[in-house]
Each structure stands twice: as C-alpha cells, then as structure tokens.
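Chains as they are written, first to last, in the working numbering: chain X, 156 to 470; chain E, 156 to 470; chain C, 156 to 470; chain Y, 156 to 470.
What the hints contain is simulated information worked out from the structure, not anything from laboratory work. Even glycine gets a Cβ: it sits at the ideal position worked out from N, Cα and C. Any given hint could turn out to be false.
Claimed, not checked - Examples of chain Y residues lying across from chain X (beta carbon under 10 Å, computed): (1) T292; (2) E293; (3) N294; (4) Q298; (5) D308; (6) S445.
Claimed, not checked - Restraint ranges, calculated between C-beta atoms of paired labels, are given here: (7) H389(Y) - D168(E): 53 to 63 Å; (8) P411(X) - Q162(E): 21 to 31 Å; (9) R269(Y) - I187(C): 52 to 62 Å; (10) L385(Y) - G423(C): 51 to 61 Å.
Protein chains: 4
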Amino acid sequence: MKLTKEQAQEIKDQQSQASTTKRVNSPELEEILYEALPILDHGFIRVVDYMGNDTSIVQAARVSYGKGTKKVNTDSGLIKYLMRHWHSTPFEMCEIKYHIKLPIFIARQWIRHRTANVNEYSARYSILDKEFYLPKTENLAAQSQSNRQGRGDILEGDQAKKVLDLLKGDAERTYSNYEEMLNERYDGTIIDENKIGLARELARMNLTLNTYTQWYWKTDLLNLMNFLRLRADHHAQYEIRAYADVMLDTLKKWVPTTYEAFMDYRVGGTEVSAKGKSIIQKLIKGDDISMEDSGLSKREWNELMEAFDLKSKLI
Amino acid sequence: MKLTKEQAQEIKDQQSQASTTKRVNSPELEEILYEALPILDHGFIRVVDYMGNDTSIVQAARVSYGKGTKKVNTDSGLIKYLMRHWHSTPFEMCEIKYHIKLPIFIARQWIRHRTANVNEYSARYSILDKEFYLPKTENLAAQSQSNRQGRGDILEGDQAKKVLDLLKGDAERTYSNYEEMLNERYDGTIIDENKIGLARELARMNLTLNTYTQWYWKTDLLNLMNFLRLRADHHAQYEIRAYADVMLDTLKKWVPTTYEAFMDYRVGGTEVSAKGKSIIQKLIKGDDISMEDSGLSKREWNELMEAFDLKSKLI
Amino acid sequence: MKLTKEQAQEIKDQQSQASTTKRVNSPELEEILYEALPILDHGFIRVVDYMGNDTSIVQAARVSYGKGTKKVNTDSGLIKYLMRHWHSTPFEMCEIKYHIKLPIFIARQWIRHRTANVNEYSARYSILDKEFYLPKTENLAAQSQSNRQGRGDILEGDQAKKVLDLLKGDAERTYSNYEEMLNERYDGTIIDENKIGLARELARMNLTLNTYTQWYWKTDLLNLMNFLRLRADHHAQYEIRAYADVMLDTLKKWVPTTYEAFMDYRVGGTEVSAKGKSIIQKLIKGDDISMEDSGLSKREWNELMEAFDLKSKLI
Amino acid sequence: MKLTKEQAQEIKDQQSQASTTKRVNSPELEEILYEALPILDHGFIRVVDYMGNDTSIVQAARVSYGKGTKKVNTDSGLIKYLMRHWHSTPFEMCEIKYHIKLPIFIARQWIRHRTANVNEYSARYSILDKEFYLPKTENLAAQSQSNRQGRGDILEGDQAKKVLDLLKGDAERTYSNYEEMLNERYDGTIIDENKIGLARELARMNLTLNTYTQWYWKTDLLNLMNFLRLRADHHAQYEIRAYADVMLDTLKKWVPTTYEAFMDYRVGGTEVSAKGKSIIQKLIKGDDISMEDSGLSKREWNELMEAFDLKSKLI
C-alpha cells in the first residue's frame, strides 16, 4: 500500500487533532484512529469515527430491562447474556465508520450487506486511480472440484506466472485505453489538446473488476458483527476475508468485552438442527449411530461431524 | 418534569466525565450533552451520544465526488447543494442518540419511523413509573370538523375540566389497579406478603395510553431530518411536535450549516405538481386562471394557493 | 371472535372473486385466503395476499448459482441446503400480507420487527372498536420468581377472579369515558347535540393497552421466519405466541418444503458456543466433565444441558 | 438481445401456465408477464411476479383511516391524495419482481437502492456469459464541461470509431483471457485436459465493467417509484435511464391510477425552497426581482427559473 502525499498529510492532520469530549470513548481504538491499515497489495482500512463502547451496550440494556437487570451484576456477564440470547438491539447502540480501499469485485460482494451507509468514490465525477489487485502467487488457487464456490490446490509455477501476466497485462492495457478515451491521464494531464474526451461515466466501463475503488462505510455494531461472521468465515473468499480479519482487530480494540462474547458464541460456535440434536444425544449416550440411520444426507452428516471434530465419523 | 435522585446523579456523573478524543466534535452540542430537556408535563429529551458534525458530511461528499467537488469551494455551499439535489448518503454519515421519555400513544406514532435503533423500557421485566400525560387546558382541542385528523377549537372551561377529570381519574385508577394486580407498588413495596402478583407482562395491559415510557433512540442525520420534516410540521399532532421542536434545537447545535439548509429546502419549502407548475407559470405571466380551468380539485387548488400565500385566490 | 356484518360480507366477496393468472400459486393457501382465523378472544389473522411459493426460492437460487446448482437435483434438497447455510436472499423472493386484529400491548411488541410494511387503523382519524382482551383464567399466570420476563404458576381462583374483574371494569370504564370525551358512541351516535367532542387524537389516550387495534402487515418469507422463530418460541409472551402459532400453519400451507426445513434447522435446532462444543465433544468421548470445570456459568451450563435433553446433568 | 434456446423455452413455459386465484390481479401486466423486454444491446427486463394492484393501496388506506376516508369517494381521488401528501405506507402494500440483464457498471449504480431484494448471478459459482455492452454511436458523448457528472456533445466520427474499437477489443481480449485462466470456454468446453483452471472467484476479476450480469430484483411499489424518480430523470446516466423508462411502462400497466398520480406529483413536479417561494410570490405580484436581490446563487436561481420554464430570466 502506498499513500499519496496528500493522503499521508490528511491522516497526519487528523491524528494530531484533539478535543475534549463528554462522550464515552475507546482508548485502544483512539490509538489507531485514522491510521491506514494495509490489506492486499493496494488496499487499506481506516477507522475514521466511532460512537459508543462496551458500556453503551450495557446502558441500553439496563434501560430496557430496568430493575430487571440488577441480578446480572457485571457488565461482562450482561453482554455475554445478551449475545447468547440474541438480544440484538443493545448492540445497535454503537456505530463505527471506516474508510476502505478495495478492488471492485470485492466491493460488489461487500455491498450486498444492505444495512450500512456508504459513500463511494464516483467514477462518473472523477478518474479512478491506476491501481489494480494482483494476487500473490500463494493465493492463486485452482477451482475446487468438490465445492462450486471454493478454491482447490495452488496453481503450479508456470501456470501461475501465466495467470499473473494475463491479469497484469489486461489491467494495464484497459487502464491505458481508459485514459486514451478520456483524453486525460490519471494525474490530470490532457493527452491531446485538440480533442475532447469521452464522458467519464462511459469510459469507466472499460476497466477490469480488479481496479481499486474506495468508500466510507458506516454501520452499527450488530451489523458489523453480522458482516464479520460471514466474511471472516473460512467459506468467504480469501480477498474479502483479508479485510474482515483486520476489522476483527478493530472490533477487539473498540469493544473488547463484546469481541470476546462474539468469538465464543458466534465465530467459534455452531448450529445444530433438530435431527442433529438427536444424533448428538445418542452419541453422548454411547449409542452406535451411522449416517444411514440418521436421516441426514452424507453432506449434512459430515458437516455435523466436522462441527464437533469427530473425524473418525467422517464418511 | 421531575427527575429521580438517581437520574439526577447519573446525569451529573455523565456531564462531569471528560476525555480527549481525536474524533471531530460539536462544541455547542457538548454543552447540553446528557441534559434532560423538559417536554410536556413529565417528558424529556436528552442527547446522550453523537458521531460526526458538518465536516463529516463534506468529507464524505468529497470522497464520493473526488476532484469533482473542487469547484464548490465552501463547505456551506456544498452542503446546500447536497440538500437541494437530494444527495442523501453524505447525511447518513452522522449519527445521534437520544434518551427520550414520552407517553405511550406518542411512542406508537414515533416507532413508525423504522430506520432507527431503539431500546425501550420493558414492562415485561420492570414496573412502569406512575406518570401519565395530562394536557394543559389550552391544548384540549375539539375534533376538527373539516379535517379528519386535526384539531378544531379549544374546549370551553366546563367541558375542559370534565375531560381533565376523566383523564386523571382513569389514569390513577388503572395504575392503582395495576399495582393491585402486581401485588407490588411502583416503589417496590409488596402489598400483601401472602399473595403472589400477576405477571408483569399481563398486568401492564391495564394501563392507559397516556402512561409514560422511555427509550434510547438512535438514528442517522438523514433519517432524523425525515422524522423532523414530518413531525415538526403543523399537520403533526401537537404532542409529538413538542418533541420535534426541541430536537430541531439540538439539530441546530449539532450541525448548524445543515440545519440552515434543512430549514430552507425542506421545512420552509414546498412541492409543486406538474399541473401546479403550469398554473404558477400562468399566474406569473399575469394570466387569469380559476380553479375551474385548472384541472385541480378545490382542495388541491387551495393547498397550492396557500403554499404561495395567495390568500385572495382561496375559494 | 365476532365479525361485523360488513366484515363477513367483505370476506365473502373476496373469497368468491376468481381470476386466471400466469403467476405461480399455492393451492393450499388459496383455500384459506381472506378467511378470518380466530385468535384470543377478539383477535384474528387473515392472509389477504401472497406472492411466490417454494418454486420461487429455487428459481432465484438457480439464477444466483447458475450451472453451479445442477448437482443438487431436487428442489427440496436445494431448499434444505439454503436454509442450513443461511443463504438468505432466495427466501426474500416470496412475500405475504396479513390482516391482523390484536391487542395494543401485543402490537407494541410486534412492531419492533422493523422489516415489514404496516398500515394500522388510525385512532387519530376514527374511533376504535369497543373490544379489549381479557385473558382466560388458565392464562392468568403469576410473575415468575426465577425469570424476570416469564410467567410462573397460575393464579388461584379468587385472585384470578379479582384480576379479571379489575381488567374488565377498567377497560369498560375507560372506554365509556372515551366515548364521553368524544361526545360520540362507537356506533357513531352523538351523545349531546349541544356539545362538540374532544379531538380523537387526544381522547384515545384514555384507552387501556388491551384495547384491540388492527393492521395490514406485509413481509417477505425470510423476515416472516425471523419473526416466527422468536415469537413462536416458548420464551415469547403467550399472547403473541398465539398469533405466531396460527401463522406457522399458514407458512406450512404456503411453502410446505420451506416449512419443513425451517422446523428442522431453526425452530427445532439449537446453537452451541465454542466452549459448549468442547464440552459436548468430551461428553461424546465419555469424559467426565462438571460445570465447575467447564468455564460456563451455572445458567449457561443448564441451558446447554437442556438443549441436548441431558436432564441428569442439570444442577 | 438474443435469448438462448433454453431461455426462450423457459419463457414460453411460464407464459403458458395458468391457474385460478382469488388474489387481485392486473390484467395488463399479465399480458406481458415473463416477456423479455429488450434494453441496450444485450439487456432485458422481465416482470416475473407481482402482488396487488391499485385497489390494494386503497384497501390499505381505508383500513388505516377507517370511516375517516368515507368522504373521499373515488379510488382515484384517494390515491392522488395519498401521493400528494406523501402517505407512503399504502404504496408499500404492492410488490413486484423483475428479472433483469444489465452491464456490471449499471448494476453497481442500481444496487445502491438498498430497499430491495436481490439474487444476482454469481461469478464465484458459474461462468459469466460472453456479452458486453457497446454503446451506439449516438450515445458516445463527451464529458460535459459544465457538469461534472454529465455528458456533453456527441463524439465525432473518427474518435467515436476509435472508442468503440477500444471498448470492443478490450472486452473481447479480457474475456478470452478469462476463459484461458479458467481453462474452460463459456460453453463449458475444457481448453486443455491436462491443466486445472484458476478458481472462478479469481478469474472474474479480469472482466471489464461492461460485461453483462443478471439478477432477480424485487421491491415494493413505494421503493420502485423512489427508484424511478431518480433513474428516469434526465440527470441519470443514459444507460440506467434506458431501464427505468421500460420499467415506467410496466408501472403503467400494473397500477394505472398510481402511475398517473406519480407522473403528476413526482416526475413532473418540482420542489421550491423557502427562498424560492418568496421569489415566486414576487413574480406573481409582478414585482421586479433579480438574481442579485434574491439571496440565491446563480446556479440555484437558474434551477428555479428552469423549473418554471422562465427562460427569459436565465442568466
């Protein structure tokens, strides 16, 4: 990741501003506020604002339950209780805003999380930066044979090199033709003073999906956790997981108690169906039960055994 | 409005907490942070947290439009432009959280604004306070004869007194029977040690709709303005308008530039239909045009004339 | 439940209308379309419109996954897969609309599900019906001693009678005073020709929370299931569960395959935390593990044991 | 637009299915149900399902306002009233579902309308079709000099040809390299049996933004109108307007009365600020008022004059 001089200056300015506030704050998050945390080859995530901390959740819950929460006498106990029982609204009382630079094909996955506020850089108004994502060799995976949306083995050296050459060559050529159509370079230089350029809103269609875009993305804590549960999961595409992993760190700095409950109940937890429950019960009793008797499909059986790490039962 | 000793202490504690932050802030809003602003007879509004200020809107817009916003060289000019052209997303970048005490029948109107986060005091868990709304005599209006949802003249002295007696008597009696069913007073005293009380989730159904409830209500600036446009309007019920008016003041302290644009383009503005436009054009040209020729219904004609303060044209 | 003559006629008219459509339909749901299914003493639920059926979910999923779904060769297998893996968007492709009559205190719980469209009867415009909910004696439960939001034992005969008398007396008196203030009976009769009535938007505040209201409520299948998972659960208040149970029946008639997957994976299923998983693994291995060693609180331990029906482990 | 044999057959099958329903229907919309309405060079819109019609809006409104709506004695009058006064919820009672094929850069604009349900073809699972948008020569506009997001003059012949050559060449080359990386052609043929292909989720990043994608898009009538107001407007990019224009036709067939009110109050209407209102009042009185005295900026002044077609006042 390389910041422009202007960006680096803007971050420095933001980090040196200090004011006194009566609002609750989050000291560890303040430490990294505005900082550009690098992701992939040109991407980053910056926390640019936040509202509330762990105590805000507790406070909202105590307003809801009134004297009814007296019994739960620690904040941490209350947050764990809320998480376990899916009491979602107190977690909506905290808000966070990120500035994110990411490849367009990842932005397209990301935007499907609708409960967030977004301001994206507009290629109708302005020229996109000349930056595109090229995977590292170790991330150039083949299509999985067993899983339609997954990755399989890493490509061999020659084939990997070929893929990278194609990606790089096409991104550079299409970008260069984008400038040609605009009659303007990415730095604002006019190419041919005697020509007028194609409208930006049209020229952008020539760019490839690994071109970087950027946006401000603001959401509440509940929806952030919904996002992270799906996107920090091993089923998620590696490239979006790279963002989610860094965001997990910011979550930990922001609301450490909530983070712990989230890791225990959501990320590390599992769901068991009605049929699955009765199988687990039999296994605990020591009953012999096979996939054939279980009423589950082979796939579902294996998912259940994997969830409880019963490798010998996999078929 | 009377605060309990605990509430007064909590506010004092919150107001005396101070920390340093790198976040942007809003000095005028900090002044009144946590303060209980009285509304109606027992209600209040407290701003308990916020995120962002006028510059956050500008910053988000400049990310979106990139170099494209260079021409608009003042922040105030840009905010006015965004407001005028309904560029809504930059206004979503600011967030505010209120603690509100309000009568249940008003809470029922309020909650219809769905794009907000809410934690309400739960009468399943805890006993509601013994407080109910009684209108001032000057607000005891008769049903409007012309407008199905409006108010007409103020009731005469005798009838007004009668209404207040009924409201007060019924609220007190139903609350007292609520305690009776719970076998517990609002202050926690058990009424009859030999009896068990009815479940709270059931007993509450005996309360009248003017009983006060309270909640934390959090929303972004765009949705706050949508709320205020409808609820600070003269068509809104007086009781909810009382809240909206105080919130308008908090809006002004929080984001003064946005407030100004909001008052000009939304609150003070009007909408004109296609047919209405052609009538206004004729009036400007000095053409004589009557309701009959306009294609408008009498009602719509009058609404148009009132919007432009053309009293002589009312029919 | 008693329908007015007008309502009964309207239902008859709606049920006799028939048209030919190219849209997919749901024959079992058509059977009960518009019918008023009675709930509590005066409430009802009517399915008044719907869009899509099980095949709509499959169709949307196949558009998303393209040729990638070829392997899952049955519709039922695909729907189960989607449910198990929380692929939520295909379930959003179906929509249903209910007409519901329910007590106000239940409406207040219900409306917290924000992702739905609602048109409620407005007591600003019109007079509410003279109908209020009175629980059956077997539902008059005491406050639970162990659970702040639950119910305990059923009240004894005398106390139950007393409670019912209070509820009935207060509802009738407050309604009668509501009419008095309005200077109008519920059937439209003016009480005193020489007086004008209080505005409806004010008079309504005198009504108790068990007064019935009604609304049209429209939501998509995904959000309907989210609603039912919470509200058909045994933690939900009995009165809202009564509605959810009837809605579960309509779900079954509408999308039978989805209903089955929903009952298996959501309603009958359970969630296990990371800590819980490792305890279950030990139990399967035959290891002796006690609450003290588990890292769980007593409450959490018991919840886990109950989820897997391990009664002997309860402490 | 060219449909595959399978698509054409699917449409034929869907159009020949007929069932009897008690639901309200919309005869004109039934006529074109499932039909692929061509847009741009390869795109289309198909209405694939709907719920409700004009009468559903009226019915919901009459439930809300109860006897209060008796006075408005025609359905058309009531719908106009609701539209004029922004009574939004009754319009949410109707729902429509489209199947849409569109270029990715347009899909990216479209998806910003968050209040809709979407199932998009997934390039993680399946290979995208070999189809990309190439503008017609008459749509190849230069960047506007006055408006950062607009289009100016049409490009001259030579330059236009050059742009089209670049767009076509780059799209074809990147698509061909996409196949190369996948080791698979768009029709499923394996290119080299001895090689494994790159994961689809990675290879797709090489495609250009004018590649076509497709999705199911479902929304309620209110949000459809919000979409159309913005996207059928002359400020919208031509390519998305092409879709919005066809959707306007489907709106007309679906809910003709609502369509008429929408065109009058929303599409053909305008908004006037507080300052604007006072200027219009002066103009009606025959007062001489200039931009300088108006308190408006030049831009805002011109927008106001244009809204009322006062060309002589433009400066």
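| task | Would you check whether D308(Y) satisfies its interface hint, that is, whether its CB is within less than 10 Å of any CB in chain X? | result | For D308(Y), the interface hint holds, since the closest Cβ of chain X sits about 7 Å away, which is under 10 Å.
| query | How does the Cβ-Cβ distance of L385(Y) and G423(C) compare with 51 to 61 Å: does it lie in that range? | reply | violated, 45 Å
| query | Does the hinted range 52 to 62 Å hold for R269(Y) and I187(C) at CB? | reply | violated, 34 Å
| query | Should the hint that E293(Y) touches chain X count as held when the rule is a Cβ pair under 10 Å? | reply | violated, 13 Å
| said: Interface hint check: T292(Y), Cβ to nearest Cβ on chain X, cutoff 10 Å. Holds or violated? | reply: Violated. Min distance 12 Å.
| field | Hint check: 10 Å Cβ-Cβ cutoff, Q298(Y) to chain X | value | holds, 5 Å
| query | Is the shortest C-beta separation between S445(Y) and chain X less than 10 Å? | reply | violated, 32 Å
| task | Would you settle whether the hint for N294(Y) is holds or violated, based on the nearest Cβ-Cβ distance to chain X being less than 10 Å? | result | holds, 8 Å
| Lying within 21 to 31 Å: is that true of the beta-carbon distance P411(X) to Q162(E)? | holds, 29 Å
| CB of H389(Y) to CB of D168(E), is that within 53 to 63 Å? | Since H389(Y) and D168(E) have Cβ atoms about 56 Å apart, the given range 53 to 63 Å holds.
Violated hints, listed in ascending order, are 1, 2, 6, 9, 10; each of the other numbered hints is respected by the structure.
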